[in-house]
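Sequence order for the protein chains is A and B.
So that you can map any letter, position 26 of the first sequence is 34 in our numbering, and since no number is skipped, the others follow by simple counting.
So that you can map any letter, position 120 of the second sequence is 652 in our numbering, and since no number is skipped, the others follow by simple counting.
Read the hints as simulated data drawn from the structure, not as lab findings.
We put the CB at the ideal spot given by N, CA and C, even for glycine.
Treat the hints loosely; a few may be bogus.
Stated by the list, open to error - Here are the computed distance ranges between Cβ atoms for each label pair:
| id | chain 1 | residue 1 | chain 2 | residue 2 | range |
| --- | --- | --- | --- | --- | --- |
| 1 | B | 601 | A | 158 | 44 to 52 Å |
| 2 | A | 189 | B | 633 | 42 to 50 Å |
| 3 | A | 123 | B | 559 | 19 to 27 Å |
| 4 | A | 61 | B | 643 | 14 to 22 Å |
| 5 | B | 644 | A | 148 | 40 to 48 Å |
| 6 | A | 42 | B | 601 | 40 to 48 Å |
| 7 | B | 658 | A | 179 | 36 to 44 Å |
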Amino acid sequence: MTAPELVTSEDINAYVDGELPDERRAEVVAWIAANSDAASTVAAYRAQRQALKDALEPILREPVPARLLAATQRQRRPFQNWARQAAAAVLLLAIGSGAGWYAANQRRPVAPTAEERGFGERAAVAHFVYAPEVRHPVEVTADDQAHLVAWLSKRLGTKLKAPVLVPAGFELVGGRLLPDAHSPAAQFMYQDAQGRRITLYVRVDDAHISETAFRWIKEGQVEVCFWMDGTVGYALAGELERKDIYRLAKLVYQQING
Amino acid sequence: MAQPEPDIVVLIPRLRRYARALTANADLADDLVQDCLARGLSKMHLWRRGTDLRAWLFTIMHNLNVNNARRNRIRPDNQAEPDWRSGSQPAGQDEVVELRSIVTALRQLPEEQRAVVVLVGIEEMSYREAADILAIPVGTVMSRLARGRERLRQLTGQGDRRGATGP
Numbered sequence: 009m010t011a012p013e014l015v016t017s018e019d020i021n022a023y024v025d026g027e028l029p030d031e032r033r034a035e036v037v038a039w040i041a042a043n044s045d046a047a048s049t050v051a052a053y054r055a056q057r058q059a060l061k062d063a064l065e066p067i068l069r070e071p072v073p074a075r076l077l078a079a080t081q082r083q084r085r086p087f088q089n090w091a092r093q094a095a096a097a098v099l100l101l102a103i104g105s106g107a108g109w110y111a112a113n114q115r116r117p118v119a120p121t122a123e124e125r126g127f128g129e130r131a132a133v134a135h136f137v138y139a140p141e142v143r144h145p146v147e148v149t150a151d152d153q154a155h156l157v158a159w160l161s162k163r164l165g166t167k168l169k170a171p172v173l174v175p176a177g178f179e180l181v182g183g184r185l186l187p188d189a190h191s192p193a194a195q196f197m198y199q200d201a202q203g204r205r206i207t208l209y210v211r212v213d214d215a216h217i218s219e220t221a222f223r224w225i226k227e228g229q230v231e232v233c234f235w236m237d238g239t240v241g242y243a244l245a246g247e248l249e250r251k252d253i254y255r256l257a258k259l260v261y262q263q264i265n266g
Numbered sequence: 533m534a535q536p537e538p539d540i541v542v543l544i545p546r547l548r549r550y551a552r553a554l555t556a557n558a559d560l561a562d563d564l565v566q567d568c569l570a571r572g573l574s575k576m577h578l579w580r581r582g583t584d585l586r587a588w589l590f591t592i593m594h595n596l597n598v599n600n601a602r603r604n605r606i607r608p609d610n611q612a613e614p615d616w617r618s619g620s621q622p623a624g625q626d627e628v629v630e631l632r633s634i635v636t637a638l639r640q641l642p643e644e645q646r647a648v649v650v651l652v653g654i655e656e657m658s659y660r661e662a663a664d665i666l667a668i669p670v671g672t673v674m675s676r677l678a679r680g681r682e683r684l685r686q687l688t689g690q691g692d693r694r695g696a697t698g699p
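Just chain A, same shape as in the assembly (with noise of 0.2 Å):
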């Protein structure tokens, strides 16, 4: 072991990394006192600890690649070979009966541009990462939704909204601040009783208004309606049906708008 009085560039990164044992640290700490060579080295370190984490951090704001969500699936729920299976024949029922609930839709669907799609594949990517989280799927609870709702309305600059969709049987849980791609975005979740989630992910942006019309995406098992709303962009998320999600979208949007 190394000599008391020696203290070694190992003890000056301990230090800074605040893994000095306790017998050590009162000595590293008077050395580091008394030299300003070493105290320049902690100060050094510490900037370069920080300015690392600070250049990567964004890399964990990025949206995530579909191609790496797609390799998750296989290690996803047991039952979602089973819910693959059961969609596929509920798509079957859908061909004929989905004409309905389409020709229902007075906003006809319309296929989104690129632009648009990447809006909508944000929007899953979103709820891919969130909705799956157990202990932190929100910022801000629902308990504070005042403040929930005036934070987020503050962050992306437009008055918000948190609907009630309790009607449909979903309660709001929370909410967070997300960045979209060129804009900070919101993100409501809402849970029902057997514990699914949707969330309804909003974003401003003056750069292209398009006509108000649903538009749809699957990621996954996830189903996203968006639309734009003046400056407002909109999208609902979740592993429901369609025509589940176009419910719930059609609730969001009446109260938007009433």
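Got chain A; can you put chain B on it based on the hints?
Frame of chain A; chain B shown alone:
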């Protein structure tokens, strides 16, 4: 009630960050993450429930990266353009230059030092955790960290320590 299945999806952003720190190119980094996910899922039965899933996946990624480097004889340090950040543009140009320089410097570290600097400094793992992931003694973590940080300091021009040597 059964313990909820830990969802690998929520770990992807951190796996991507680690991969991006290890390999300069964003696509190659995502390839590494994809391989890591596939390998991890196929060996999921070997993961001990209750232990840190992230550390376990990082171990897999580290081993894959070492194997890739050995097989392809690609030195990640030699990538021409550090495409470490796909898409977004930060606000100030100065910021870009500064952030790039620290990441560029990181890539110039020998692989073994870089892994330690990243695990401890960015992923905030303890020396013990880093040692387990890299399958090396804690003392080796400490000496690599000391050398790596000092080298980074020289590369970013933060001033030399007396007695420190560098090429």
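Handout entry: List of violated hint numbers, smallest to largest
Key = 2
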